[in-house]
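Undergrad: Chains A, B and C are the protein sequences, given in the same order. Once you know that position 226 of the first sequence is 226 in the working numbering, the rest is easy, because the numbers rise by one and skip nothing. Once you know that position 212 of the second sequence is 212 in the working numbering, the rest is easy, because the numbers rise by one and skip nothing. Once you know that position 70 of the third sequence is 70 in the working numbering, the rest is easy, because the numbers rise by one and skip nothing.
Keep in mind the hints are simulated off the structure, nothing from the lab. Bear in mind that the values here come from a model prediction, so they are computed numbers and not experimental data. Even for Gly, the Cβ is constructed at its ideal location relative to N, Cα and C. Each hint should be verified, as a subset may be incorrect.
As the list claims (entries may be wrong) - One side only, chain B facing chain C, incomplete, derived with CB under 7 angstroms:
| hint | residue |
| --- | --- |
| 1 | 46 |
| 2 | 48 |
| 3 | 52 |
| 4 | 54 |
| 5 | 64 |
| 6 | 67 |
| 7 | 68 |
| 8 | 69 |
| 9 | 70 |
| 10 | 166 |
| 11 | 167 |
| 12 | 173 |
Said to hold, decoys possible - Which chain C residues stay away from chain A? Per the calculated CB distances, all over 12 angstroms, these:
| hint | residue |
| --- | --- |
| 13 | 5 |
| 14 | 7 |
| 15 | 46 |
| 16 | 114 |
| 17 | 124 |
| 18 | 133 |
| 19 | 186 |
| 20 | 216 |
Stated by the list, open to error - Among chain B residues calculated to face chain C with C-beta under 10 angstroms, some are:
| hint | residue |
| --- | --- |
| 21 | 23 |
| 22 | 33 |
| 23 | 55 |
| 24 | 56 |
| 25 | 61 |
| 26 | 118 |
| 27 | 161 |
| 28 | 163 |
| 29 | 170 |
| 30 | 174 |
| 31 | 216 |
| 32 | 241 |
For reference, the chains in residue letters:
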Amino acid sequence: MADSTANPPCRDVIELALELPLARFSLRVAVRLGDGVTAIMGPSGSGKTSLLEAVAGLRPKTRGRIALDGTVLLDSATGVRLRPERRRVGYVPQGAGLFPHITAMGNVRFGARGAESRVRAAIECLELTPLLGRYPATLSGGEKQRVALARSLASNPRLLLLDEPLAALDVGLRERVVPYLLRIHEEWKVPVLYVTHNVGEALDLAEAVLLLREGTVEAYGPALEMLSRPAMARAAEAGIENLRHGRIIAHDEAGGTTRVLLDDGQILAIPLSSSRRPGDAVNLAIRAEDVLLAVERLHGLSARNIVEARIVAIDRVGRDALLRCRPGSESGPERRPWLVRITPSAVGSLGLTSGQEVWLAIKSHSVRLL
Amino acid sequence: MKPAALLILSILVPAPPPVAADDLLVFAAASLTEVLRELGTSYEKAHADRIAFNFGASSDLARQIAAGAPADAFYSADVARMEELEQAGLVDRRERRNILSNVLVIVVPRDAKISISEPSDLKSLGTIALANPEAVPAGIYAKTYLGSLGLWAALKDKVVPTLDVRAALAAVEAEHAEAGIVYATDAAASKKVRVAFRVPREQGPLIVYTLAPLERSTKPATRAFVGFLASRGAAATYERYGFIVLPAE
Amino acid sequence: MLTAQDLAVVGFTLRIAALGTVLIIGPGIVLALALARYQGPGKSVMETLLSLPLVLPPTAVGMLLLSVLARHGSLGRWLDAAGIQVVFTWKAVLLATMVMAFPLLVRSARTAFEEVDPSLVGLARTLGCGPIAAFLRVTLPLAWRGIVGGTVLAFARALGEFGATIMIAGNIPGRTQTLALAIFQASQVGRDDRARALAGVTVLVAFVTLWTAEWLTRRRTRRVAT
């Protein structure tokens, strides 16, 4: 749910002005980041992981200034350097980094310092209840990442640093975990710095993108704006999806569909999945190019899902146009926007503009159950 | 987990070794093993003190004492070792006494078909066990004797040196060596060897066992026990084992 | 077959080996951690010194210890003047076993620490642990099996110590005679029956020790894999 406005979120809470010598060059980052999800992207070896480690306090050679919502974590000028255990920065490295000698429950509790309610909330948010008694060696990659996320959350961090949390996962797993990341940000309201190579992920999760190259900031701005850059556009051609999380309402055996209530209140019809029971949580994926768009109210269409929406942004992705359409009326509850990928000629011939009322059609068969 | 932990913890209880620290510790030549054990036991019956012995080659024992071993008295099989310690100031000279003498014998395994009737017969053998002739009194005596007969050069390459005279005896008992030269008292203590030749006392080297309390020993019992070992009462016991008791000085 | 005196020797040997092992665990873990983590200038010197007792003949180690601790030695002089007796007493047996067993423990513990992913320690720090808490809650539990293995190895070495022991403690029955020394003495005086009986005891003790260690470390593995 990356809100695409022209500017990054107004509140600049993370102040970075740091310098850290690395093997081939020095990391030099001077930027102010917002309180939402910021994706940190760039070629391999550009210093992304080092940046996260420096903010977490794990790189003693870092000099400069790091401040978080007014709290100074590092200031070489005044001699302030908070030790990692005092920074309250949650760090989830690539590969999760679970403690192998403790159960999942033990891992989650590790930094909680007795705050059981926070532990329970983290467990619920990441849906870890069936996994709690197991040891990390017996968990799948996605399960490990979820436990690692819960572990960070339970320690009540001021900031979350996620280092390619989904990189080691295969596509199916990746999509299973992204909705959790979204929930984290929505429920816990913690700023997130998120290192990724995946443009689709960045689009889906981040409000802003920080591009690093050879240790310096090449660019910083809203996510969609960054997409027009050549390097990112190429990656974007690989595919952009809408990822949603919801619960099964009921099965319609005769009709061949199952109804799902999404977290934000929308209801979708998906192909019949009798193996899941009503009340079960599900993760869904709908490709942006599988969403049809009409400028008139739709009738007599075979698609089972018709959504009334309003265009909030039109951007380019490679050769295509990418639209963000927020469903529902302006006075209603805030719903997550749908990403719709269509040809520029369609944009032109339909005369699509930002703010326009449209109807989206999604075939139930286009909805993939993860 | 628990039973194993208990087992391990039970042996962790540290304790000093069985013999209490204020017992007497007497370092003595290996050839005195049986006779001193008997004398020590009878002394213990009459007194409250406990006596512990460390038997070995007098040379090795002297070295340990020189290095600081906590012995209370030293009973050496020759005078030279004692005098080394005297020069280092470790011996109470006034209380030192020469107590015993002994003779050398050539022994062979009891059932061996070897016939040795005189020392030069040793030349026909392959191995001869001696307490290390470079350092141990019994070996030094044997070497001196063989040298006096002009036999040492011929025999020295057959020598199997052992750590002390009892080890030489054991080597012959186990037939690891065809013959050995030990004290008559050692041969008497063993059932597995027979004496092939007894060195006449006037032909062999002068063997003197000398005893002294050590300077560093502050226990009153030390001098009492040394006195006991040198007494007329002990003489009978020594003779029973085959030692020659020297006249009192 | 075994006399009361023999059993006393067994008890003495076990107690000294156990005490010696317990005393080296603390310093051994600290040194192993230091060697695993720090890259200072004096590190190779320290590593070499530590490995010496493993490579030198035990009698040579004993000789070196004796030249320092004997009455005329650099340290022994002071001990003698103060009336403290170390050489040829049970304390020398303890010292010899500790010196010979120490490098084994440090090696195993160091390898165990090196195998702990250092990034896990960093993670523990971000979760609120100070350096000591991170060591106790992450590094130590993960290195535990290696440390236990090293301790058992050290204990076994302590049980069997001979060369250095005979040099600085002699072979005084009832005071400094361990199982290994008793076997030697028995065979020297032709008492092979006693030597064999004592050797049999060492086999039994070694078997129990190793089996217990296996059992301790095996249980750990099962838990983690569940």
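Undergrad: So, for every hint listed, does it hold in this structure?
TA: Hint by hint, here is what the structure shows:
no.	hint	result
1	46	violated, 21 angstroms
2	48	violated, 18 angstroms
3	52	holds, 5 angstroms
4	54	holds, 4 angstroms
5	64	holds, 5 angstroms
6	67	holds, 4 angstroms
7	68	holds, 4 angstroms
8	69	holds, 3 angstroms
9	70	holds, 5 angstroms
10	166	holds, 5 angstroms
11	167	holds, 4 angstroms
12	173	holds, 5 angstroms
13	5	holds, 47 angstroms
14	7	holds, 41 angstroms
15	46	holds, 24 angstroms
16	114	holds, 16 angstroms
17	124	violated, 7 angstroms
18	133	violated, 8 angstroms
19	186	holds, 47 angstroms
20	216	holds, 15 angstroms
21	23	holds, 9 angstroms
22	33	holds, 8 angstroms
23	55	holds, 8 angstroms
24	56	holds, 7 angstroms
25	61	holds, 9 angstroms
26	118	violated, 27 angstroms
27	161	violated, 13 angstroms
28	163	holds, 6 angstroms
29	170	holds, 3 angstroms
30	174	holds, 6 angstroms
31	216	holds, 9 angstroms
32	241	violated, 17 angstroms
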